[in-house]
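Be aware that the sequence shown starts at 1, since it is given in the working numbering, and climbs by one per residue.
Please note that the accuracy of each hint is not assured.
Said to hold, decoys possible - Below 25 Å or equal to it, Euclidean Cα-Cα: the simulated BS3-like pairs (lysine-lysine) are:
1. 208 / 294
2. 222 / 274
3. 264 / 274
4. 184 / 236
5. 222 / 208
6. 261 / 202
7. 202 / 294
8. 202 / 264
9. 195 / 294
10. 236 / 261
11. 264 / 222
12. 184 / 208
13. 261 / 294
For the record, the hints were derived by calculation from the structure and aren't laboratory data.
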Amino acid sequence: MSFDTALEFYLFIMACNRGSGLSVPNTARLLKFLHAQGLDLSRITDWHSKTAALKYGRSIGLSGRTYMVREVHIEGWPRPFYVRFTSPIQALRGLFGDESNSSGFQLWATPQIDASGNLLFTTPSTASFWMEAQAHVPDDEVICPVILASDQTTLDGTMRTRIWPLYISTANIPWHRRWHDAGKLLLAILPEPNKHMLPMQKVELFQKSLGIVLHELHRASKNPVDMVDPWGVSRKVRPLLYAYIGDYPETCRVSCTLSLKSSKPCSLCYISRKRLRQTDTRGVHLRTVAGQSKLLRSEREAHQYSTIPILSALWEINFSEEPWGNTYLSMMPDILHVFYLGVWKHLVTVLISDKDIAKIYEERYLRMYPDAHLAGLPAPIPGKYFISSASYTGAEHSGMMLSLS
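Hey, can you work out the whole structure from these sequences and the hints?
As structure tokens, then:
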């Protein structure tokens, strides 16, 4: 059965419920249908479903913006998929120029150096990425370090109605503002792959959709665009990819790599599966755009290095092959799932009692994130790094944020 309008679908659901209003699952189905209608929540008129729809719309960041729809065709699949998105440049202009973000807003990197001449890492504007990128652009250009975040989610509690929202923010905005409505925007709803698709087809669908969404961003990273800052001053802005935040193994679709069961399961480097628990990582090389593109020439070699032979939409979004421009190093874990609820609590258990082990973990951590000092996080008790693996104090939480922001 098919429906030509959201209203027709709504009346059908109402008839099934004998006019009693939409249930939660049916509201979710209606919302899913509305995604196919351009995310127009205004088409809902019944007060029960309208309340649920508006609440849902606020929760994912719908703010009355116009969303474009593009078809995505996958070879070997009979029907097209649809990606719904807004212009990333217009989204960044809105974030960049919002007056409510003016407190703590950063236009240029501001390094902080200690008495020994070492770089102190506290925020993106004091870390190496921003400073090194700034050194490669003209003095009158402002770097816009783009933060992307995606997380596959559901519209109901049954795990049946899935969507894949993609959000955008910028490190110019201070971290405490990025969680507000004015600090982030819903950039796109990426198409959910069919469960019968092959794994490579799912990755191809994701990368093609991401390429469509980020097309303007690719152009602007090479040809700066004009934006107005929170104080009303026009700036020439060059957006560059600073971080892509997501869950593992969902981010494997972003990096075009294979997950935990493969021989080299890391999205950042070529460490073997056998060495994942070893602290000695000498001889392990980081993934780079140049290195990954060479692997695409041979399917056998790509498989050997756990690489899916598909072009990544993130390649060349940063114009340098130097470490600061390596898009693979922009892959960041979702703090909520990976750190608060997953890996972090087990790591904390180790750090509670053994300072030497903390230093070993820090040494390995610094190979990937040179400015983050894991073992140097502020501790409430001298000689201890964390009080408990079950709960976190304000100092511990702040330390984690400093290390991971």
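Outcome of the hint check:
no.	hint	result
1	208 / 294	holds (20 Å)
2	222 / 274	violated (40 Å)
3	264 / 274	holds (9 Å)
4	184 / 236	holds (21 Å)
5	222 / 208	holds (20 Å)
6	261 / 202	holds (18 Å)
7	202 / 294	holds (22 Å)
8	202 / 264	holds (20 Å)
9	195 / 294	violated (31 Å)
10	236 / 261	violated (45 Å)
11	264 / 222	violated (32 Å)
12	184 / 208	holds (23 Å)
13	261 / 294	holds (23 Å)
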